[in-house]
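Enquirer: Given next are the chains, with one letter for each unit.
2 protein chains.
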Amino acid sequence: MQDVVIAGVGMTPVAEHWDKSLRTLAVEAIDAARNDAGATQIDAVYVGNAFGAAFSSQTHLGPLIADHAGLSGVEAYTVEAADASGGAALRAGYMAIASGLLESVLVVGVEKSADRVGAERVEARSMALDADFEAVHGATLTALAAMLMRRYMYEYDVDLNAFEGFSINAHANGKRNPFAMYRNTVRAGAFAKAPMVAEPVNLFDGAPDGDGAAAVLLTSVPMAETLGISPVFVRSSAAATDTLALHDRSDLLYLKAVAVSTEDALRQARIDRSEVDLFELHDSFTIMSVLALESAGFIGIGQGWTFANDEHIGLRSPLPISTFGGLKSRGNPVGAAGVYQAVEATLQLRGEAGENQVPNARTALIQSIGGLGSTAISHILSV
Amino acid sequence: MQDVVIAGVGMTPVAEHWDKSLRTLAVEAIDAARNDAGATQIDAVYVGNAFGAAFSSQTHLGPLIADHAGLSGVEAYTVEAADASGGAALRAGYMAIASGLLESVLVVGVEKSADRVGAERVEARSMALDADFEAVHGATLTALAAMLMRRYMYEYDVDLNAFEGFSINAHANGKRNPFAMYRNTVRAGAFAKAPMVAEPVNLFDGAPDGDGAAAVLLTSVPMAETLGISPVFVRSSAAATDTLALHDRSDLLYLKAVAVSTEDALRQARIDRSEVDLFELHDSFTIMSVLALESAGFIGIGQGWTFANDEHIGLRSPLPISTFGGLKSRGNPVGAAGVYQAVEATLQLRGEAGENQVPNARTALIQSIGGLGSTAISHILSV
Chain S
1 MQDVVIAGVG
11 MTPVAEHWDK
21 SLRTLAVEAI
31 DAARNDAGAT
41 QIDAVYVGNA
51 FGAAFSSQTH
61 LGPLIADHAG
71 LSGVEAYTVE
81 AADASGGAAL
91 RAGYMAIASG
101 LLESVLVVGV
111 EKSADRVGAE
121 RVEARSMALD
131 ADFEAVHGAT
141 LTALAAMLMR
151 RYMYEYDVDL
161 NAFEGFSINA
171 HANGKRNPFA
181 MYRNTVRAGA
191 FAKAPMVAEP
201 VNLFDGAPDG
211 DGAAAVLLTS
221 VPMAETLGIS
231 PVFVRSSAAA
241 TDTLALHDRS
251 DLLYLKAVAV
261 STEDALRQAR
271 IDRSEVDLFE
281 LHDSFTIMSV
291 LALESAGFIG
301 IGQGWTFAND
311 EHIGLRSPLP
321 ISTFGGLKSR
331 GNPVGAAGVY
341 QAVEATLQLR
351 GEAGENQVPN
361 ARTALIQSIG
371 GLGSTAISHI
381 LSV
Chain A
1 MQDVVIAGVG
11 MTPVAEHWDK
21 SLRTLAVEAI
31 DAARNDAGAT
41 QIDAVYVGNA
51 FGAAFSSQTH
61 LGPLIADHAG
71 LSGVEAYTVE
81 AADASGGAAL
91 RAGYMAIASG
101 LLESVLVVGV
111 EKSADRVGAE
121 RVEARSMALD
131 ADFEAVHGAT
141 LTALAAMLMR
151 RYMYEYDVDL
161 NAFEGFSINA
171 HANGKRNPFA
181 MYRNTVRAGA
191 FAKAPMVAEP
201 VNLFDGAPDG
211 DGAAAVLLTS
221 VPMAETLGIS
231 PVFVRSSAAA
241 TDTLALHDRS
251 DLLYLKAVAV
261 STEDALRQAR
271 IDRSEVDLFE
281 LHDSFTIMSV
291 LALESAGFIG
301 IGQGWTFAND
311 EHIGLRSPLP
321 ISTFGGLKSR
331 GNPVGAAGVY
341 QAVEATLQLR
351 GEAGENQVPN
361 ARTALIQSIG
371 GLGSTAISHI
381 LSV
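Residue numbers (my numbering), protein chains in the order written: chain S, 1 to 383; chain A, 1 to 383.
These aren't lab readings, by the way, just hints derived from the structure by calculation. Bear in mind that the values here come from a model prediction, so they are computed numbers and not experimental data. Each residue gets a CB set at the ideal place from its N, CA and C atoms; glycine is no exception. Some hints could be false.
From the structure, some residues in chain A lie toward chain S, with a derived Cβ separation under 8 Å [what the hints assert, rightly or not]:
#1 Ala54
#2 Asp67
#3 Glu80
#4 Ala131
#5 Asp242
#6 Gly371
Work out the full structure, taking the sequences as your base and the hints as a guide.
Expert: In structure tokens, the structure reads:
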């Protein structure tokens with residue numbers, strides 16, 4: 001097995017890109033990553049995309065994107081795991097290099113959700129739930145997240161305002177990120193005054209879907225040396241699943257896939273949690289940040305909400321999260337989200353995060369989640 | 001890099017399975033493959049599926065299928081490359097084992113198209129074409145295949161009836177396959193009398209979509225030895241792409257991706273074409289069989305149609321194709337088609353093909369195609 005490194009990164013802003021198509025966004029991110037690496041040889045393009053069919057009436061993105069990126073002919077296909085598609089594509093790329101079969105793989109995550117609005121968007125998004133036992137009854141991702149949050153509040157006797165620190169932190173970081181979708185400040189007391197979306201999930205709680213694309217160029221070490229770049233190493237890669245339907249879980253408030261993939265990633269990288277300098281988690285809802293922190297073992301069960309403050313998760317805290325705004329402020333580009341995490345963590349580890357720099361960042365854990373923990377894919381990056 | 005073997009195979013009949021859901025079909029194939037191998041340890045489930053969103057309103061198949069197969073928790077995600085999704089999932093599984101990261105991967109291809117009929121089916125299928133430049137104008141896969149066929153007939157002065165030998169061969173083999181969708185005999189003269197679908201593609205020319213699932217268990221050699229089975233080796237794996245839109249190709253009648261992936265697969269396996277004992281190609285339309293045979297280098301350009309007879313492609317010929325009926329007679333389970341090829345080729349190489357046995361089959365080339373050659377993924381299997 002050969003070592004895998006990130007030799008180049010690129011991304012587009014997350015926004016409602018009315019003037020750009022799915023392929024245009026993907027090509028923009030690919031071009032940026034190739035320029036960053038100065039790479040000419042590309043052996044394959046792996047696409048992370050969750051809703052091309054439902055959002056853009058477009059599947060078969062591999063040859064489409066490879067061709068439009070000027071790489072027609074190379075191996076290319078799509079990897080899908082709902083919102084964890086980006087993480088899954090990254091893992092596929094990791095395996096391709098690790099196996100020694102390929103020397104350089106472009107992993108691009110791309111999503112264009114703005115073309116479907118309102119009920120159409122919700123219907124499309126619900127395809128990633130259990131169609132026969134959840135979506136058919138009208139359950140939506142937000143409604144199910146609300147049930148998790150309500151259960152958590154009941155079990156641990158926690159108030160709604162205990163969660164808002166995650167949104168405050170995300171926006172505090174996102175407001176300095178020119179690629180972020182919502183750069184407004186969220187202030188203490190926001191949750192109490194916010195309109196409800198699916199009680200208790202409110203307007204300032206859930207991450208907004210956005211259009212965007214991010215790309216990382218994975219290479220072998222010799223290839224990175226040829227390119228003359230200082231690589232970021234992909235130290236480990238781990239994937240796990242849980243039931244798709246929430247009602248099939250014995251414990252709603254424990255994300256088994258998060259626990260397994262985190263443990264596996266740490267074990268492979270031979271590090272413990274104290275060595276993680278930043279954790280890009282999947283903050284699709286504040287309850288997901290809470291459950292991810294607990295299930296990943298960074299805090300005890302029932303205590304994740306106590307991390308919702310600058311002291312625990314801010315840029316200068318022991319465990320910075322959402323350092324460029326996370327899904328909440330940077331925006332959730334769905335199937336691209338996991339690749340955005342890789343790009344942002346790479347910038348941190350290179351010391352190129354500007355105003356959002358985590359001091360002395362040497363090791364990052366990134367974790368891409370599909371649904372409400374049905375898929376969890378973790379990677380550890382380090383310099 | 002470690003060697004990769006097929007330790008177990010399973011499949012469902014290809015049919016209109018009105019009484020079975022997508023997950024049920026997948027689990028049936030997985031159970032069959034696991035029983036075949038006698039395997040208990042499964043590290044991952046890779047799903048080949050092309051149209052889960054459009055046909056079944058269901059994406060995120062990894063955790064869904066893993067859970068329902070009794071494997072909840074294992075790594076699982078979907079690989080998509082239109083009709084080549086099965087081949088792409090097989091390649092992802094190959095890389096996972098080859099890298100040494102995993103020891104046993106279930107690759108399951110599954111598709112359920114029967115729930116969408118008529119215009120809905122066509123609209124769904126057209127998502128795998130170029131949505132912005134082909135599908136938007138009303139182009140369909142069949143209509144574009146018809147244009148290729150017409151061009152071929154014009155360029156090489158070939159009559160419609162020159163193609164029917166491919167359908168005759170497929171049905172001659174498929175009628176002895178209990179898993180085949182259409183087991184009727186196609187007789188000489190059929191094309192001349194057939195109703196047209198998109199002239200010159202007629203009722204007996206194009207492969208019918210069907211529901212079905214197929215699974216192969218890929219393992220390392222040590223794992224196969226532990227299981228005590230006689231493995232079939234995956235000698236090589238190669239993927240290539242061409243433009244998604246037909247109008248972007250400089251030569252419509254040369255499938256570049258087929259040429260590249262075939263050449264690469266042969267080179268990796270260190271064999272030449274004469275050593276291929278059977279070729280499971282993607283006979284979605286007779287013109288695709290012609291172009292695949294030519295582009296893969298088994299016959300000269302413009303001469304592929306001369307292979308349309310028992311002497312060249314029958315079970316006892318030098319290059320048997322569609323040995324269990326191919327997509328034409330066995331049916332086209334779309335995203336599962338590439339995995340069906342792997343299952344069928346494995347049965348051939350094990351000498352378990354019954355009445356469809358190719359004598360002394362030692363080496364098989366299987367080739368999964370997406371669209372009209374936009375993706376081509378080739379594997380060479382041998383004993």
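Enquirer: Run every hint past the structure and note whether it holds.
Expert: Structure-based check of each hint:
1. Ala54: At about 5 Å, which falls below the 8 Å cut-off, the nearest Cβ of chain S leaves the hint on alanine 54 of chain A intact, so it holds.
2. Asp67: holds, 5 Å
3. Glu80: Nearest chain S Cβ about 4 Å off; hint holds.
4. Ala131: Interface hint status for alanine 131 of chain A: holds (4 Å vs cutoff 8 Å).
5. Asp242: Constraint on aspartate 242 of chain A satisfied, holds at 6 Å.
6. Gly371: holds, 6 Å
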